[in-house]
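> Residue numbers for the sequence shown follow UniProt numbering, so the first one is 1 and each next one is one higher.
Think of the hints as simulated: they come from the structure by calculation, not from any bench.
The C-beta atom is built at its ideal place from N, Cα and C for all residues, glycine as well.
Hints may be right or wrong, so weigh each one.
[To be verified] Label pairs and their calculated CB-CB ranges:
1) GLU115 <-> GLY4: 37 to 47 Å
2) THR28 <-> ARG114: 14 to 24 Å
3) THR28 <-> ASN55: 29 to 39 Å
4) ASN55 <-> THR104: 26 to 36 Å
5) THR71 <-> ARG118: 25 to 35 Å
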Amino acid sequence: MLPGFLARAVELLLGREGRSLHLKAAGTATAVLAVVMLLGSWAVVAAEDGARGANLKTYPQALWWSIETATTVGYGDFYPVTPVGRLIGAAVMVVGITTYGMVTAALATWFVGREQRRRHHLAHGARELGEETTRALHERFDRLERMVAGKDERD
Numbered sequence: 001m002l003p004g005f006l007a008r009a010v011e012l013l014l015g016r017e018g019r020s021l022h023l024k025a026a027g028t029a030t031a032v033l034a035v036v037m038l039l040g041s042w043a044v045v046a047a048e049d050g051a052r053g054a055n056l057k058t059y060p061q062a063l064w065w066s067i068e069t070a071t072t073v074g075y076g077d078f079y080p081v082t083p084v085g086r087l088i089g090a091a092v093m094v095v096g097i098t099t100y101g102m103v104t105a106a107l108a109t110w111f112v113g114r115e116q117r118r119r120h121h122l123a124h125g126a127r128e129l130g131e132e133t134t135r136a137l138h139e140r141f142d143r144l145e146r147m148v149a150g151k152d153e154r155d
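Turn these sequences into a full structure, and let the hints steer you where they fit.
Below is the structure:
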């Protein structure tokens with residue numbers, strides 16, 4: 001059931017046509033982070049198994065550790081003590097920092113793009129209003145010129 005769920009989640013994140021590049025990148029990074037945290041948790045438990053002073057002994061503890069490591073919270077309640085465990089921790093940190101940076105950039109790009117579209121729409125509306133006003137003024141001046149020309153002919 002879980003692999004099917006993951007496949008559907010990845011398809012939803014990456015599969016939409018017309019989705020912007022920054023959203024696809026953030027979705028891909030999020031999917032990679034989830035995989036790294038799940039596999040990293042398993043790998044760190046395997047690396048720390050039997051090590052002196054190890055405190056990552058169960059998968060739930062390691063999953064909690066990978067979440068706090070990826071988010072750079074790092075409470076210090078769990079940490080790897082072996083070189084291999086620390087290498088796994090470094091990978092989880094790098095992927096976590098990268099992912100949150102990409103997600104933040106994607107959100108910022110979305111907000112900026114939305115504001116640019118709003119401003120473009122306002123500028124387009126102002127341009128149309130200016131053109132309408134110009135046409136109306138030309139029509140009035142034409143009417144006034146005809147009226148003045150008509151009065152001059154009567155005189």
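> Each hint needs a verdict: does it hold in this structure or not?
Taking the hints in turn, this is what the structure says about them:
Between GLU115 and GLY4 the beta carbons are some 39 Å apart, a value that agrees with the proposed interval 37 to 47 Å. Taking the beta carbon of each, THR28 and ARG114 are about 22 Å apart, inside 14 to 24 Å as hinted. Between THR28 and ASN55 the CB atoms are about 33 Å apart, so this pair conforms to the stated range of 29 to 39 Å. Remark: the range hint 26 to 36 Å for ASN55 to THR104 is upheld by a beta-carbon distance near 31 Å.
Against the hinted window of 25 to 35 Å, the Cβ-Cβ separation of THR71 and ARG118 comes to about 33 Å, which satisfies the hint.
Comparing the model with each earlier hint shows no violations; every hint is respected.
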